[in-house]
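There are 2 protein chains.
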Amino acid sequence: MGGDHGVDAVIPGAAQVLKKNPRTKFLIFGDENKIRPVLSRFKALEKVTTIHHTDKMIRDDDKPSAALRSGKGSSMRLAIEAVQKGEADAVVSGGNTGALMAMAKIILKTLPGIHRPAIASIFPGIQGQTIMLDLGANVLVDAENLAQFAVLGAVFAKAHKKISTPNVGLLNVGSEETKGPDHVRGAAAILSNVDFPGHYHGFVEGDDITKGVVDVIVTDGYAGNIALKAAEGVGKMTGHFFKQSVMSDPFSLLGSALSFMAFRRFKKKVDPRVYNGGVFLGLNGICIKSHGGSDAVGFASALTLAVELVKHGYIKQVAHDIGHLMSQETFLSEGAYGD
Amino acid sequence: MGGDHGVDAVIPGAAQVLKKNPRTKFLIFGDENKIRPVLSRFKALEKVTTIHHTDKMIRDDDKPSAALRSGKGSSMRLAIEAVQKGEADAVVSGGNTGALMAMAKIILKTLPGIHRPAIASIFPGIQGQTIMLDLGANVLVDAENLAQFAVLGAVFAKAHKKISTPNVGLLNVGSEETKGPDHVRGAAAILSNVDFPGHYHGFVEGDDITKGVVDVIVTDGYAGNIALKAAEGVGKMTGHFFKQSVMSDPFSLLGSALSFMAFRRFKKKVDPRVYNGGVFLGLNGICIKSHGGSDAVGFASALTLAVELVKHGYIKQVAHDIGHLMSQETFLSEGAYGD
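Top line first, the protein sequences correspond to chains A and B. Numbering-wise, the first sequence is residues 0 to 338 according to numbering that gives the first Met the number 0. Numbering-wise, the second sequence is residues 0 to 338 according to numbering that gives the first Met the number 0.
Quick caveat, the hints were computed from the structure, so don't treat them as lab data. Built from N, CA and C at the ideal position, the CB exists for glycine as well. A few of these clues could be false.
To be verified - Calculated cross-link-like contacts (lysine to any residue; reagent style SDA-like; alpha-carbon spacing at most 25 angstroms): (1) B:K267 <-> A:F241; (2) A:K315 <-> A:R22; (3) A:K268 <-> B:G234; (4) B:K235 <-> A:K315; (5) A:K242 <-> B:D206; (6) B:K178 <-> A:P63; (7) A:K210 <-> B:L257; (8) A:K268 <-> B:L257; (9) B:K242 <-> A:G238; (10) A:K242 <-> B:F262; (11) B:K242 <-> A:G234.
Unchecked claim - Some but not every residue of chain A turned toward chain B, in silico, with C-beta under 8 angstroms: (12) A230; (13) D248; (14) L253; (15) S255.
Can you make the complete structure from the sequences, with help from the hints?
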């Protein structure tokens with residue numbers, strides 16, 4: 000029900016994912032009167048889909064606290080509960096981010112030992128994709144939280160990038176060891192001394208996000224959210240100025256018509272729809288937020304992330320790796336540094 | 000002597016600035032044997048320039064502490080001392096940023112009441128330019144520091160954008176009052192209740208940096224540095240992918256040749272050389288860092304910022320406005336909130 004396009008993004012998106020992952024089954028929660036007419040256009044999808052009807056939905060402007068209080072029976076809550084009950088392996092929603100995170104935390108709960116879940120997303124980069132977390136679930140974190148994020152992100156990178164030892168960097172304001180806030184230097188001390196499912200690369204800076212020098216970048220939700228939005232803003236500004244420049248004279252307009260192949264290749268490289276999906280990590284269940292403005296292609300990207308994580312056995316793997324992290328003496332002793 | 004291009008950026012850059020500001024005089028500090036041959040090609044500049052010879056220079060990889068200890072008589076130190084002695088109104092350097100900040104702090108000192116100077120720069124935006132600070136001078140700040148940055152930035156905006164009441168926003172992870180870290184919410188409480196040389200707009204987010212919705216964005220050096228570099232990184236990635244896409248087929252190559260006017264217009268809009276200059280604010284003297292990779296056009300931009308600030312009487316104005324900020328009861332009472 001959520002997002003700007005509702006069923007028109009969700010259902011065609013699911014149909015795309017089914018083609019590439021023919022063993023997937025779908026549970027769609029919401030108003031059957033809206034779902035049925037669109038679903039009936041996708042016969043293969045219709046066969047593997049169960050509609051769970053409800054009239055009730057969380058609105059985009061509902062506060063998380065209100066959604067928690069009065070969201071019982073809403074499409075969002077029912078979808079999360081399906082994961083908690085084991086009826087679904089993952090939930091993907093285009094709705095209200097704050098409400099989704101609040102409900103997912105209450106219903107799915109965090110994994111043993113995890114105090115703070117994180118939101119992760121994939122960024123395009125010159126040398127390859129980078130997964131960054133946290134993008135805004137937590138403003139304040141300590142060194143131990145960041146070290147846990149490194150594990151959450153590394154296991155995600157294994158599933159998504161299909162690599163065995165992801166390179167993990169800590170976002171900071173310089174690459175020297177003495178730089179940066181306490182919680183970041185504390186996390187560096189932990190990651191340098193523990194055994195975790197990745198290789199600790201060291202500090203990285205803001206421009207490394209789109210260089211693709213590491214597979215995972217770990218940061219707090221304050222810096223991560225600001226970096227994510229700053230990057231989105233530059234993308235929008237560049238597009239705006241470029242269009243404006245091309246429209247200003249007939250030769251450039253003709254030139255751009257000739258260059259349509261280049262534009263198509265370029266757009267594919269940086270298409271935000273390909274990078275859609277804020278993955279909530281650290282919960283005892285897979286929950287993914289699709290951008291509210293996403294169309295079917297974007298929703299399919301978010302769904303594909305869910306399929307990858309389920310296939311990889313993400314929850315089981317990460318629960319094991321978090322347990323292993325926290326059992327190490329070096330984690331416990333270094334952790335205090337960043338508090 | 001500093002930067003990748005040394006005298007080849009500094010001297011032609013100064014010549015460009017002199018044309019537009021014919022009453023400017025220049026003091027050039029460094030190796031006369033390198034300066035003289037280049038300077039002699041610019042007759043008008045040569046007439047208004049004094050060379051202050053020294054063999055000694057700070058290297059790009061010198062640590063700030065080493066520069067402080069053994070930098071006496073270096074071109075960088077002599078140039079800063081000229082401002083301290085009143086022989087120059089401003090110093091602009093393409094050299095080592097850390098050394099420049101450390102020396103400028105020791106020699107020029109901070110303005111009365113200012114504990115932490117900040118680095119400010121200008122960002123291009125869809126609706127207009129935005130000045131953002133701090134970009135990395137201080138990782139940790141409190142609410143009072145941020146409120147002072149608002150004054151430092153607002154007076155800079157008056158000089159550069161030639162406006163009487165700049166709009167000032169605080170960078171945060173959301174626009175709701177309850178969001179964000181203590182120091183940011185504390186600064187919001189101060190700025191909502193004091194009289195300062197700007198209008199307090201409220202919280203802004205990372206994508207507002209390049210929207211140009213406010214004239215000044217205030218943040219700590221941790222988030223500011225990460226946002227600045229994230230933005231630079233996206234710019235580089237976009238350029239890389241775009242070139243790669245155009246080069247891949249002959250039609251696109253031809254098209255891009257036809258579009259050269261559009262490319263020129265576009266480049267002008269986002270040319271990093273136009274936005275060159277990290278302005279150190281809060282010191283008792285004007286000190287500007289030109290990007291090490293800048294050419295003459297870039298160096299001229301940094302010099303032009305210096306001319307604007309001098310013409311505006313920046314130091315006198317900002318000293319007055321900081322004093323006024325700190326004399327207000329609302330500043331003193333609200334400030335404690337963000338500690």
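Results of checking the hints against the structure:
1. B:K267 <-> A:F241: It holds: about 11 angstroms lies between the C-alpha atoms, which stays within 25 angstroms.
2. A:K315 <-> A:R22: holds (21 angstroms)
3. A:K268 <-> B:G234: Judged against 25 angstroms, a Cα distance of about 14 angstroms means the pair holds.
4. B:K235 <-> A:K315: violated (39 angstroms)
5. A:K242 <-> B:D206: holds (19 angstroms)
6. B:K178 <-> A:P63: holds (13 angstroms)
7. A:K210 <-> B:L257: At roughly 30 angstroms apart (the allowed maximum being 25 angstroms), L257 (chain B) and K210 (chain A) break the hint.
8. A:K268 <-> B:L257: holds (23 angstroms)
9. B:K242 <-> A:G238: Given that 25 angstroms is the threshold and the Cα spacing comes to 15 angstroms, the pair holds.
10. A:K242 <-> B:F262: Given pair K242 (chain A), F262 (chain B) holds - Cα atoms ~10 angstroms apart, limit 25 angstroms.
11. B:K242 <-> A:G234: It holds: about 16 angstroms lies between the C-alpha atoms, which stays within 25 angstroms.
12. A230: Hint on A230 (chain A): holds, closest Cβ of chain B at ~5 angstroms, below 8 angstroms.
13. D248: Holds, about 5 angstroms.
14. L253: holds (6 angstroms)
15. S255: holds (6 angstroms)
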